[in-house]
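Enquirer: For reference, the chains in residue letters:
Protein chains: 4
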Amino acid sequence: MTTNRLEAFSDGVIAIIVTIMVLELHSPARADWPSLLKVAPALLSYGLSFLIVAIMWVNHHHLIHVAHKVTAGLLWSNLNLLFWMSLVPFVTDFVGKNYREPMAVALYGLALFFCSCAFYLLRKELMRQAGTDSKLVDYPAGMQRKNAMSAALYFSAAPLAYATVYASFFIFALIPAMYFLPEKKLATQQQG
Amino acid sequence: MTTNRLEAFSDGVIAIIVTIMVLELHSPARADWPSLLKVAPALLSYGLSFLIVAIMWVNHHHLIHVAHKVTAGLLWSNLNLLFWMSLVPFVTDFVGKNYREPMAVALYGLALFFCSCAFYLLRKELMRQAGTDSKLVDYPAGMQRKNAMSAALYFSAAPLAYATVYASFFIFALIPAMYFLPEKKLATQQQG
Amino acid sequence: MTTNRLEAFSDGVIAIIVTIMVLELHSPARADWPSLLKVAPALLSYGLSFLIVAIMWVNHHHLIHVAHKVTAGLLWSNLNLLFWMSLVPFVTDFVGKNYREPMAVALYGLALFFCSCAFYLLRKELMRQAGTDSKLVDYPAGMQRKNAMSAALYFSAAPLAYATVYASFFIFALIPAMYFLPEKKLATQQQG
Amino acid sequence: MTTNRLEAFSDGVIAIIVTIMVLELHSPARADWPSLLKVAPALLSYGLSFLIVAIMWVNHHHLIHVAHKVTAGLLWSNLNLLFWMSLVPFVTDFVGKNYREPMAVALYGLALFFCSCAFYLLRKELMRQAGTDSKLVDYPAGMQRKNAMSAALYFSAAPLAYATVYASFFIFALIPAMYFLPEKKLATQQQG
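Residue numbers (numbering that gives the first Met the number 0), protein chains in the order written: chain A, 0 to 191; chain B, 0 to 191; chain C, 0 to 191; chain D, 0 to 191.
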């Protein structure tokens, strides 16, 4: 298997994950404002999850791009990541229906925590594969610190939800913002 | 990331968007004409949305084809477009179930308006990237005017729905017709 | 746009069509034989549609392979075909739930008739594009006759369903059998 | 048709199969532990099926990689495999809802048995195609034995479920473990 094929399959799965979430947005049966307002939390949680999965997709490409060959370790680290990402539609639907319930918010945080952990393992696998190739080591090492931080934040969002769900939502909004900016910088560097 | 990969991922998402809408066409439980007539508006709104998304797909290709490199601006303009396009199945289902309700029709118009705006931003990003490359500037400039016009029409369809939904539906049918013809001309030119 | 991209997008849509039909197979809530027997018609209609769509996919590849360039005519003939194919999950679900109702069976036949017509138009477009290229003309001409015949058979299945649905089901099973064998011969020739 | 296209289409179908299963994980309407515990069997059966389909995907690649040309036999052996794999979401949902019912567990086992048989036929087709190419014959022959063994185990899981479903679940967990390890060894060899 080539890294191209791994990338194409992952792209397929991520494209489906990001799109099927919209199937869980059941449009209200009646067209009035109260009915539409009832689906607003589901729409917002969909928007947030779309953003988070989109960022994961971008990061995933930067990662797989670094890979030379598809080892069993890489293959299964990647499938492990796809598994946790595939749970995002489930927890998105759950939190959209129960956005004031600490348990739903905590579960959303935990699912994203496991995605972060899976990214951490995938990156570790790639760094191990890269060995002493200095050009590759520096970039992932910086990313790895940021990855560990966001994993810790997602993890902390779970117990925080039992204090107030707004603190957890603040974290869920903060992490995309945190990732977004440096990704921009990186892309700009790649042009130069 | 290469423009090929961006195109392939976008293709995947658009292929899913265009196809999952059919999942929201719940076939009637009983096989008689009154039951089938009840799903007719859903079928018609599906047909219209299929056409609109197909046109967007064609336009998207002509656009991405122009891109040289995947900058962060291009990447996120594209993901922004895919987000708004991913809402099309939701509003299609909504208008299919409530085709006489101004609010549902207005929401359908607004979703398409945001898609048009996202196209506008994506094209602007590409023109900025192309810089002074004269061959590229002329084509998008003409498209950009048409794009702005269709965005304005979609936007006007929202308040119009509160006067009569038929005016809005006329606009929804007019814009594909408007796009369809020139695309044909363009494709003919490309052959020559 | 290249024919590769057209093929990849069509592949994506057809892969989704063939797979999402399984989502409409709602597994029975209780695990006993009467409940399972109730979904048996849905399973059978799924199997039939899977076979029919798989054959369409194979034929589609042989067709697109012949194309030199993506003209507007080819693009929209292809999108027209994908539209009618995308209705197959809807009529499959409908006939699975109402397999003894002439109307559901007739509708299934009509949807496949429109798919056949779309194939006819697509092949006509390709033959027009091929012009006087003799190697290409012979193969599609033979296919075109078979295509017209199967379209006529699907069309006749609709009124026949009102006499007896079994005659229609016989036709639905006959056409895949008819297509299947020559495809095998063709593939054997391509090896030689 | 090239083997690349066959692989890409199969990838698309498998990516959809593996991802749409999550759509059948209906998130509980209320956010409390008893509601979440009710979906736990569905989550576990999803996890198991994800792993099984992922392994099938990996094996599928190793297989198709060996193919030289797309013959009708290969094409239809592959489509046959995709058909049985496409039933996995259906039986996963069924067993998730009825994990203590022998019939649901037996059906899950039977579906996987048919997938194994389809793999067997596909590998046989490839070995026939490879003919006397010694390098190719050794690897599939070893796999073929393992394949036949797992097919037999899946088949035995069906009657075993009527004794105790736990024995069947033990088999369902054992086979992925059995496949997982050698795949790792194989991938390591390919690196060397």
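Hints were generated in silico from the structure; no laboratory data involved. A portion of the hints provided could be inaccurate.
Identical chains share a label here; the pair holds if one copy fits it or two copies do between them.
[Said to hold, decoys possible] Straight-line distance between alpha carbons at most 30 Å, and here's what the computed DSSO-like set of lysine-lysine pairs gives:
no., residue 1, residue 2
1, 123, 68
2, 145, 37
3, 96, 37
4, 123, 145
5, 96, 68
6, 123, 96
7, 123, 37
8, 68, 37
Enquirer: Each hint should be assessed against the structure and marked as holding or not.
Expert: A quick look at each hint next to the structure:
Taking the closest pair of Cα atoms, residue 123 and residue 68 come within 30 Å of each other both inside a single copy (15 Å) and across two copies (28 Å). For the identical chains of this complex, residue 145 and residue 37 are neighbours neither inside a copy (36 Å) nor across copies (36 Å), given an alpha-carbon limit of 30 Å. In the homo-oligomer, the alpha carbons of residue 96 and residue 37 lie at most 30 Å apart both inside one protomer (9 Å) and across protomers (17 Å), since each shortest distance falls under that limit. Taking the shortest Cα distances, residue 123 and residue 145 sit within 30 Å of each other inside one copy (13 Å), while across copies they are farther apart (32 Å).
For a Cα distance limit of 30 Å, the shortest separation of residue 96 from residue 68 qualifies neither inside one copy, at 42 Å, nor across copies, at 40 Å. In the homo-oligomer, the alpha carbons of residue 123 and residue 96 never lie at most 30 Å apart, since the shortest distance is 36 Å inside one protomer and 37 Å across protomers. Taking the shortest alpha-carbon separations for residue 123 and residue 37, neither the intra-copy value of 43 Å nor the inter-copy value of 36 Å comes in at or below 30 Å. For the identical chains of this complex, residue 68 and residue 37 are neighbours neither inside a copy (48 Å) nor across copies (42 Å), given an alpha-carbon limit of 30 Å.
When each numbered hint is compared with the structure, violations occur for hints 2, 5, 6, 7, 8.
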